[in-house]
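Chemist: Sequence:
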Amino acid sequence: MNQFQKLTKATPLELFIWMVGAGIAGFGIGTLTADYVVVGLSIGLLVIGILLHGWGMFRIYKKK
1 MNQFQKLTKA TPLELFIWMV GAGIAGFGIG TLTADYVVVG LSIGLLVIGI
51 LLHGWGMFRI YKKK
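One point on numbering: in the numbering used here, the residue at position 25 of the sequence shown is 25, and numbering is uninterrupted.
In short, the hints are calculated from the structure, not lab data. From a predicted model like this one, the values you see are computed outputs, not experimental measurements. Note that CB positions come from ideal geometry on N, CA and C, so glycine has one too.
Derived CB-CB ranges, DEER-like:
(1) Y61 x I29: 15 to 25 angstroms
(2) L7 x I48: 17 to 27 angstroms
(3) F27 x Y61: 21 to 31 angstroms
(4) L7 x Y36: 31 to 41 angstroms
(5) K9 x L51: 22 to 32 angstroms
(6) L15 x I48: 10 to 20 angstroms
(7) V37 x K6: 32 to 42 angstroms
(8) G30 x G54: 13 to 23 angstroms
(9) D35 x K9: 40 to 50 angstroms
(10) L51 x T11: 12 to 22 angstroms
(11) A34 x Q5: 37 to 47 angstroms
(12) Q5 x V37: 36 to 46 angstroms
(13) G40 x K9: 33 to 43 angstroms
Whole structure, please, built from the sequences with the hints as guidance.
Modeler: Right, here's the structure in full:
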């Protein structure tokens with residue numbers, strides 16, 4: 001089964017968490033470049049986004 005087929009068989013919740021995680025990670029990266037945002041908050045957002053996105057990818061791609 002190729003990667004595209006695994007994505008089409010993913011549940012809506014898995015896809016939602018995968019996409020939201022990517023969005024939060026991107027937002028965290030963006031806040032790291034801003035001078036007016038607390039660095040701890042930016043790193044926290046980045047870590048949360050990476051964890052959510054990674055969990056979503058793991059759930060989608062571990063299926064056989």
